[in-house]
Structure formats: structure tokens, C-alpha cells
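K.L.:
Fit chains B, C and D to the supplied structure of chain A, relying on the hints for placement.
Chain by chain, the residues:
Protein chains: 4
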Amino acid sequence: MNPEPVRVFVTGGTFDKEYNELNGSLFFKDTHLPEMLRLGRSRIDVSISTLMMIDSLEMTAADRARIVDECGRAAEMRILITHGTDTMVETAAALATALIGDRLRSPAETKSVPGKTIVLTGAMVPYAFGSSDGLFNLGSALSFVQALQAGVYIAMNGRCFDWNRVLKNRQTGTFEAI
Amino acid sequence: MNPEPVRVFVTGGTFDKEYNELNGSLFFKDTHLPEMLRLGRSRIDVSISTLMMIDSLEMTAADRARIVDECGRAAEMRILITHGTDTMVETAAALATALIGDRLRSPAETKSVPGKTIVLTGAMVPYAFGSSDGLFNLGSALSFVQALQAGVYIAMNGRCFDWNRVLKNRQTGTFEAI
Amino acid sequence: MNPEPVRVFVTGGTFDKEYNELNGSLFFKDTHLPEMLRLGRSRIDVSISTLMMIDSLEMTAADRARIVDECGRAAEMRILITHGTDTMVETAAALATALIGDRLRSPAETKSVPGKTIVLTGAMVPYAFGSSDGLFNLGSALSFVQALQAGVYIAMNGRCFDWNRVLKNRQTGTFEAI
Amino acid sequence: MNPEPVRVFVTGGTFDKEYNELNGSLFFKDTHLPEMLRLGRSRIDVSISTLMMIDSLEMTAADRARIVDECGRAAEMRILITHGTDTMVETAAALATALIGDRLRSPAETKSVPGKTIVLTGAMVPYAFGSSDGLFNLGSALSFVQALQAGVYIAMNGRCFDWNRVLKNRQTGTFEAI
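Residue numbers (my numbering), protein chains in the order written: chain A, 2 to 179; chain B, 2 to 179; chain C, 2 to 179; chain D, 2 to 179.
Worth flagging that the hints you see were computed from the coordinates, not collected in a lab. Certain hints may be false.
Cut-off 20 Å, straight-line C-alpha distance, at most; resulting in silico cross-link-like pairs (SDA-like, lysine to any residue) [what the hints assert, rightly or not]: (1) C:K169 with D:N21; (2) C:K117 with C:A151; (3) A:K169 with A:I49; (4) B:K169 with D:K169; (5) D:K169 with D:L58; (6) C:K30 with A:G131; (7) C:K30 with A:D87.
A few chain C residues that face chain D, going by a derived Cβ cut-off under 7 Å, partial list only [to be verified]: (8) P4; (9) G140; (10) A148; (11) Q150.
Some residues of chain C that are not near chain A, with every Cβ distance over 12 Å (derived) [as the list claims (entries may be wrong)]: (12) N21; (13) S50; (14) G131.
From a predicted model like this one, the values you see are computed outputs, not experimental measurements. All C-beta atoms, glycine included, are put in the ideal place defined by N, C-alpha and C.
Isolated chain A (complex conformation):
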């Protein structure tokens, strides 16, 4: 497997939440991605761009449009998106719609996306806390994005799901095939 450059788009989510010790709330500061890649001794050719730093429950249609647009314009054919788990499936669907092409988008827009492998991942517990699944998920998602053919996927719980065959089970906090 020849190594290809990977683009990482950071959008926030539990992954990057931190604890504000002055008021006891959770908030976003900077992404932990560079630190996590160092810890993993990653030698993948990775470029990281922070698109937004938000809870995915607060992600708007405009935010999703921006993610789709950035994936379309990225030079890399392999893209990893860190994302809150609550609406990860929704963003994956928006990407797949653009990727496959649908009636709502112009051909000019869709043309730039096909052929890309896009993997979304996140975390159930912030990386900055003990007991986070973040580092495991990052290693997992970076591997799937390198190994899989073009398409939009969700990598959680060590597994990889096609964007349209997965949902988050809010009772168990895990992703399941549908």
C-alpha cells in the first residue's frame, strides 16, 4: 500500500472538548490532533485544517455545506473528518449526496468530489480525559481512510460502516449497522 497524503478536517465534537476548571463546564480550545499524532508516532503525511470547533448538535446546514465544500476542494483523495458523534451520520449523508451527485447540487460541484475516500470519526469521551476512545478511533480511522476505496464511511468502535448503513444507538453509545 503506497502511502498517500491524508487531509484531516477538524470540526470539533467530544473528541476535542476540554474541561474549564474555572467554571466546571466543557468547552473547545485547540484541537488535540497534532498531539495525538505525535503520541501515535504517526508517519502518515497528514495536513490538518480546523474548519470549526462545535458540538455536532449545533451544526447547521451551512456548516455541513462548508464541510462538503472543503472536501470537494481538497487536493487530497483521502480525507478524515473528526466530528461529534450525535450528527456524524447526517454529515456523512451530506457528503455522500455530494459525492454521488444529486438533484440539489450542480454538476460542477459534484465533479470535484468523486473518487475520494472520506472517513468520519469521533469520540465518546474527550481525548483530554482519562478513559478516552479518541486515540484508538484516530488510529482506526486513519487506517481505514488509507485502505478503503472511494466512498463515505464512519469509523467508530473499531469498525467501519458505509455512510448509509449505520446509526448511533444513543442508549449504548455505540454505532450499529442497519
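P.N.:
Using the frame of chain A, we list chains B, C and D on its own:
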């Protein structure tokens, strides 16, 4: 990608080393794999077998023969091996030789292996210590073993190498393509 | 210094908060005190009682009365209280009032308290998260409670303050002498 | 308790050992004291001096003489020494001998030491590893050094021992009163 069961063979290595606080030495006790899979919220169908708990510099030809044999006899088509990094490439070669078939092995033995995807991984720093790459590597290797076609691979530094195109650079502590 | 038994009263606070990965909120489950004492290889003769598990901003006068009462009735002369930092000073004052004796309490009640060394401590970041000051504060508070003469103290930031000469600076998140 | 400045002398020991991921050995680099004080949100007035970075089993009489000398010349009346646990008691005895005054030292030298509170502490597991008692011990030792009257003490396992009434039990890895 339909989930397939994964067999994990534990052989020791830095991955599972622990600190003996009574004499300040490093030693092996039990594998941390189950704990790490819990932390990663893994929902992969995994069976773990500890074959040995040794430093890979002390691995003998008989040890390697046993690893090859266990991989051959495993019912699972997807196998992950945790292994010390120092001789990981050597064991991968032993597996590939059996997988592809060579003059030293009888056809009966080689027949049982072909078709399997075998990924070896390890860690530069014990999981039990801070700053370990273990959890990242485990997430990475488990993903590659699910995604890649039959063959023998080494998953380290977020990358995946064909068994015969990799070596460990002892100066940098990283794996490189050759 | 002869070792004396120490009674620990757990009341909650940031110290023992955990992250609920299903809804992203912070909550209380069990105290981490036993685990922390194991980590510290503590050989102090300690008895732990959980009186309540609450955020100290929600602590009522009745809650404080209970803490005072339990300290009064404890057989141990050395008492450590884990407590949220926001109203730690208020609870210390309630204890000191009872310790010194005031018009609102009957002599029978006050008699049981004098002579006790009571230290309150807490944490700015939950023990369960990375970057917590909890283990440092626990080691500090347990030492002060063994070493200091009778009185009510607050142990935070490596220092020990008399109950009536301290306040929490909410801008810096540290305790300061007044 | 008025805060007094504390001098910390670093001598190495398990406390500050690190894992060399290139060869799997343990070694010394820089002390973790400043990082640990930050983690503990310490507001103690502390000055840190690294005297040596050695395993206490390799500590020579000359090394001990230097520690005694530095303690004698320190302007601070409260001194914390981080030290390997194996010969911590021996160094404490050397300090106490100098503190109390003995035939081998001139009055001029001994005069500078009396009145100082000196606490030695260490760790059973390196701070850089998971499961270290280091942060707990540091919080404990810093508190004892502020609270206790002049003398030489060993702070381990949450307790504080007079220098001449303690030994390390090598079977249990804990310090015990004798």
C-alpha cells in the same frame, strides 16, 4: 464492509511490558489487550489468545514456528499479532513464507494459511506507561486487518507495510518502506 | 510523628465528578478515594465515609449541619473532608463555629468537636480526567491533617490555610490568604 | 500557617526515570518537578535545584556529602529532597548527623544546618508512567515540610517518619516505622 471475526495472537513485546516497582525492572504479566479494547469501545468480534509473553529479541525459531502454526490453524481469516518491534519483520517473513508456500514446508501445511490477512503490530512504549503509542497502533492494526486483502502486513506509525518492504529504523524507532 | 487514624468524609465536588459519555454531562457515581489511596501506596489508617455526592454550589444548610454533626461524632481526632471548592470556605466556617462553640449550638454538641484537626480539600479538575490536581491535593491534605494541631483548615494549591483566612479567587481558580 | 519558601533538591531516583523507547531501558533526562507542581496547581514559593540525576543505589559518599552541603548552605529553612527509595534512609541519616552535629564536621559547618526542616521523598513508580505514586508523594512531602518543626524526615506512603525510625521493606515496597 461486513464485519468478520478477528483472531488476536499475543506474543508479548513492549506493548505488554509492565514496571516492577519492587526492583525497577520491566516484566510481563498479563496482556492489556482486553482493557485496551474496552477503552476503544471496540465492537469488533475479537478472540484473544496469548501464545507467549516474551521480548521479541528472545524469540526463537521454535517460537516463530508456533506462531505460524497457530495462524494456520486459526478458523478466522483475519489475524492480528501483537509482537515486539525488534524482530517483527522476521516473524512476518516466516508467516509470509508459510502463506505463499516455500520449499521447506509441506503442501499440507501451507494449504491452511493462504487467503488469510495477517497484521503484526506492536508499540514503542508500553501501554501501561504514559505516552504509549499502543492504543493508536491497536486501532490502526485492527482496521487494516479488517480492510486489507489476504497477505502479511506490518502496521506501525499509522501506516501499513507489506511484510517484505519494511524495516525498523533503530535510530529513529520508526518503520520505513524499503 | 505517631500515625493516628484518619477519617475521610466524602461530600462530592469536582474531585469525584465523572464524564457521562452517553449525554456529555458531568455527574457523580462513586468516590475515587480508595483508588487514589491505592495509587499513592498510602499506608495511613484511613476510614472513608461518603456523606453526600453533590456539587458544593448545591450544598444546603442542612447538608452542612450533617457534615458538622458527623465530624463531631467521629471517633477519629483527624478528619479529612473532600468538598467542592466553590463553598469549601463556607463549610469550613460552619465547622469552625461548631468547633470553637457558638451561641447557636448546645454545649453538649460542641464538646464532642474540640481538639480535632479537620482539613478540607478538593480539586479544580476531576480526578478521572487528565491533568487533575486531585492526587496532589489528596497527598497534601492527608499530610496536613496528620501534622497540624487542632483546628479547621483548607488545603489547596499545596498550601494550608486557617479556615478564616482564606478565600477562593474565582478568576484564577486558586485559594489565597486574606 | 504562614507560607515559607521551600527549596527542592532533585537527586534522581525512580521519581524522575523515563522510558527510552529506542532501547527499552530506563534513564534520566530532566526532572518532572516543575510539571508536577503545575499539575498540582501549587502556589508554594518553591525553588528547584537539580543536584544530580542518579539511581540511589549508585549514590556515593561524595554525592551524599554534596547533598548535606547544599542543604547546609541553602537560605531556605524548609527543604524537600527527591531521592531514590533504596538508600533514602542512608541519606537522611547523613543529613541528620550533620544537622545534630557530629565529630566529623566542624562547628562552623553544623551551625548552618540546625533549625531546618528537611523532608526526603521519592516514588515506587516513575512519574512518567501510569500508576505512579509520585504526585501523591510530592503533595504529601511538600505539606510535611511546611508543617513540621526542624528535623530530618522521610515522607512515603502518605506518612512521615523520623529519619532514625524508618526502613524500607523491600518485600512490600513500603516504608515502615522501626
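K.L.:
Are the hints correct? Go through all of them and say.
P.N.:
Evaluated hints:
1. Pair hint K169 of chain C plus N21 of chain D does not hold up; C-alpha atoms about 41 Å apart against a cutoff of 20 Å.
2. Between K117 of chain C and A151 of chain C the alpha-carbon distance is near 5 Å, which keeps this suggested pair within the 20 Å criterion.
3. Between the alpha carbons of K169 of chain A and I49 of chain A the distance comes to roughly 26 Å, so the proposed pair goes past 20 Å and is violated.
4. Our distance criterion of 20 Å between C-alpha atoms is broken by K169 of chain B and K169 of chain D, whose separation comes to about 42 Å.
5. Straight-line distance between C-alpha atoms of K169 of chain D and L58 of chain D comes to about 13 Å, which keeps the hinted pair within the 20 Å bound.
6. Distance hint between K30 of chain C and G131 of chain A is fulfilled; the C-alpha atoms sit about 16 Å from each other, no more than 20 Å.
7. The straight-line distance between the Cα atoms of K30 of chain C and D87 of chain A is roughly 24 Å, outside the 20 Å bound, and the hint therefore fails.
8. Proximity of P4 of chain C to chain D holds as hinted, the smallest CB-CB distance being about 6 Å (cut-off 7 Å).
9. About 3 Å separates the beta-carbon of G140 of chain C from the nearest beta-carbon of chain D, less than 7 Å, and the hint is met.
10. Annotation: interface hint on A148 of chain C holds; nearest CB of chain D at approximately 4 Å, less than 7 Å.
11. Annotation: Q150 of chain C was flagged as interfacial toward chain D, and the flag is violated, the nearest CB pair being 10 Å apart, outside 7 Å.
12. The beta carbon of N21 of chain C is not kept farther than 12 Å from every beta carbon of chain A, the shortest such distance being approximately 9 Å.
13. Taking the minimum C-beta to C-beta distance to chain A, about 25 Å, the non-interface status of S50 of chain C holds against the 12 Å cut.
14. A beta-carbon of chain A is positioned within 12 Å of the beta-carbon of G131 of chain C; the least distance is around 6 Å.
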